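Got chain S sorted already, so can you dock chain L onto it with the hints?
Line by line, the protein sequences give chains S and L.
Using this note's numbering, the first residue of the first sequence is number 9, and each one after it goes up by one.
Using this note's numbering, the first residue of the second sequence is number 9, and each one after it goes up by one.
Take the hints with a grain of salt, since some may be wrong.
Copies of one chain are not kept apart here, so a pair can be met inside one copy or by any two copies together.
Listed below are the simulated SDA-like cross-link pairs for lysine to any residue, each with C-alpha atoms no more than 25 angstroms apart in a straight line [claimed, not checked]:
#1 K13 - K208
#2 K166 - N145
#3 K108 - I160
#4 K74 - S169
#5 K37 - Q221
#6 K208 - E127
#7 K166 - Q149
#8 K166 - E141
#9 K208 - G178
#10 K208 - R180
#11 K74 - V223
#12 K208 - R181
#13 K74 - E220
#14 K74 - T224
#15 K74 - D222
#16 K13 - N209
#17 K85 - G139
#18 K13 - G179
#19 K37 - V223
Worth flagging that the hints you see were computed from the coordinates, not collected in a lab.
Just so it is clear, the structure is predicted and the values come from calculations on it, not from any experiment.
Number of protein chains: 2
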Amino acid sequence: MKPFKRLLRHIGVIPDGNRRWALAQGLQKQDGYQHGVGPGLDLYKTCLELGVEEMTFYGFTMDNIKRPSIQTRAFKKACVDSVEALKDWDADLLVIENTKSKVFPEELKPYITRTCFGEGKMKVNFLVNYGWEWDLNQAFQKADEQITGSMIDHIASKDISRMELIIRWGGRRRLSGFLPVQSVYSDFYIVDQTWPDYHKNHLYQALEWYQEQDVTLGG
Amino acid sequence: MKPFKRLLRHIGVIPDGNRRWALAQGLQKQDGYQHGVGPGLDLYKTCLELGVEEMTFYGFTMDNIKRPSIQTRAFKKACVDSVEALKDWDADLLVIENTKSKVFPEELKPYITRTCFGEGKMKVNFLVNYGWEWDLNQAFQKADEQITGSMIDHIASKDISRMELIIRWGGRRRLSGFLPVQSVYSDFYIVDQTWPDYHKNHLYQALEWYQEQDVTLGG
Numbered sequence: 009m010k011p012f013k014r015l016l017r018h019i020g021v022i023p024d025g026n027r028r029w030a031l032a033q034g035l036q037k038q039d040g041y042q043h044g045v046g047p048g049l050d051l052y053k054t055c056l057e058l059g060v061e062e063m064t065f066y067g068f069t070m071d072n073i074k075r076p077s078i079q080t081r082a083f084k085k086a087c088v089d090s091v092e093a094l095k096d097w098d099a100d101l102l103v104i105e106n107t108k109s110k111v112f113p114e115e116l117k118p119y120i121t122r123t124c125f126g127e128g129k130m131k132v133n134f135l136v137n138y139g140w141e142w143d144l145n146q147a148f149q150k151a152d153e154q155i156t157g158s159m160i161d162h163i164a165s166k167d168i169s170r171m172e173l174i175i176r177w178g179g180r181r182r183l184s185g186f187l188p189v190q191s192v193y194s195d196f197y198i199v200d201q202t203w204p205d206y207h208k209n210h211l212y213q214a215l216e217w218y219q220e221q222d223v224t225l226g227g
Numbered sequence: 009m010k011p012f013k014r015l016l017r018h019i020g021v022i023p024d025g026n027r028r029w030a031l032a033q034g035l036q037k038q039d040g041y042q043h044g045v046g047p048g049l050d051l052y053k054t055c056l057e058l059g060v061e062e063m064t065f066y067g068f069t070m071d072n073i074k075r076p077s078i079q080t081r082a083f084k085k086a087c088v089d090s091v092e093a094l095k096d097w098d099a100d101l102l103v104i105e106n107t108k109s110k111v112f113p114e115e116l117k118p119y120i121t122r123t124c125f126g127e128g129k130m131k132v133n134f135l136v137n138y139g140w141e142w143d144l145n146q147a148f149q150k151a152d153e154q155i156t157g158s159m160i161d162h163i164a165s166k167d168i169s170r171m172e173l174i175i176r177w178g179g180r181r182r183l184s185g186f187l188p189v190q191s192v193y194s195d196f197y198i199v200d201q202t203w204p205d206y207h208k209n210h211l212y213q214a215l216e217w218y219q220e221q222d223v224t225l226g227g
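Chain S with its partners taken away, still in its complex shape:
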């Protein structure tokens, strides 16, 4: 990764605060999501330039779909648009999702197996209708098969690698169910600004902060 000394392979992104941003603009809550699509592509492109090898975006969750339908329609559309936008930018794309639910957007079904666009320069994982307990339980559901190794090789998100850094926008200091296995050793960086107010300086500040952290992997 240039121009940063310390190698960072995989960044997780929690793009939170879309509804708060909308209210602050005098808009309706659901209007915030669409303003998060552009920032997602901007962030991806900057990470691509820096040589980041993998990114995971926290789209929406099985918890989120309990919200009013006007909101769920809005964030589903924003997710679909975000994924579609990546197709023009050399993403090696994987959507992790609970497809058994009716909530899962049909448009994203082609990407539940990893799909390479253009030169496929970066692995990009998008969590859509994701649930942490569902993720873990996929390993458990295979209990009647011959299983070897660790359960982490059998969870729904097994193709997503460990994240070195998680950046969360919108000021909250928690994971909210974001990939419990891949986040065990991740450093957390919190951006107080809400996601639609993304600026590339947020990323640079996170990466500069990360340079000063040690990596122990629990040791």
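Just chain L, lined up with the frame of chain S:
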């Protein structure tokens, strides 16, 4: 919980920075751990007064035991002493551990089933020779039994409830493998001071900060 408005049932504690503290005092790294025993009891007693119902302390992990033996002996002793100290203070004590390992301290074996001391006013969980992957894999190992429900009902730490707040001392902003299932919705509060420099104001500041957070449980 008094005098705080917002109910907080369960606090997780990551008492990090013992070795850095020792070096800063001109001591050897391993000398720091014993200076963390007193702070643990102080923190527990203050939480007890406040009416906190459950606390979980991150003792040491299966990753940690890769360290030099002079250090592993020191943190094992500090863990044993910390647990023993709680016996005089109405703790309802549970030690979660990988007992199959030779590293597990014999002195703590009586507490691998929950043991009530005095009036048993607070559930206190102590993670000793803990590993997040080991924890999750315990559910998986039972694959040949008749299993119902979710895997989280079968992990090694199934008797530990979800944590609302995790306080980490020593400035690092990560979980380091601390209870991946129980931390999915936890708010994280970081204290920059290292653990042996614990002061009850750290706890009060964390609780005051927590009052301002919303609870969505991912919704």
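We went through each hint and held it up to the structure:
1. K13 - K208: Classified as within: same-chain Cα gap 19 angstroms, cross-chain 38 angstroms, threshold 25 angstroms.
2. K166 - N145: both (12 angstroms within a copy, 15 angstroms between copies)
3. K108 - I160: This pair counts as both: shortest intra-copy Cα distance 21 angstroms, inter-copy 21 angstroms.
4. K74 - S169: between (29 angstroms within a copy, 23 angstroms between copies)
5. K37 - Q221: Between copies only: 19 angstroms across, 36 angstroms inside.
6. K208 - E127: within (24 angstroms within a copy, 55 angstroms between copies)
7. K166 - Q149: both (14 angstroms within a copy, 18 angstroms between copies)
8. K166 - E141: both (14 angstroms within a copy, 14 angstroms between copies)
9. K208 - G178: within (15 angstroms within a copy, 29 angstroms between copies)
10. K208 - R180: both (19 angstroms within a copy, 24 angstroms between copies)
11. K74 - V223: Only across copies: K74 and V223 sit 15 angstroms apart there, 38 angstroms inside one copy, limit 25 angstroms.
12. K208 - R181: both (20 angstroms within a copy, 22 angstroms between copies)
13. K74 - E220: Answer is between; shortest inter-copy Cα gap is 24 angstroms, intra-copy 39 angstroms.
14. K74 - T224: between (38 angstroms within a copy, 11 angstroms between copies)
15. K74 - D222: between (39 angstroms within a copy, 17 angstroms between copies)
16. K13 - N209: Cα proximity of K13 and N209: one copy only (18 angstroms, versus 37 angstroms across).
17. K85 - G139: within (19 angstroms within a copy, 40 angstroms between copies)
18. K13 - G179: between (27 angstroms within a copy, 22 angstroms between copies)
19. K37 - V223: between (39 angstroms within a copy, 18 angstroms between copies)
The earlier numbered hints are all upheld by this structure, with none contradicted.
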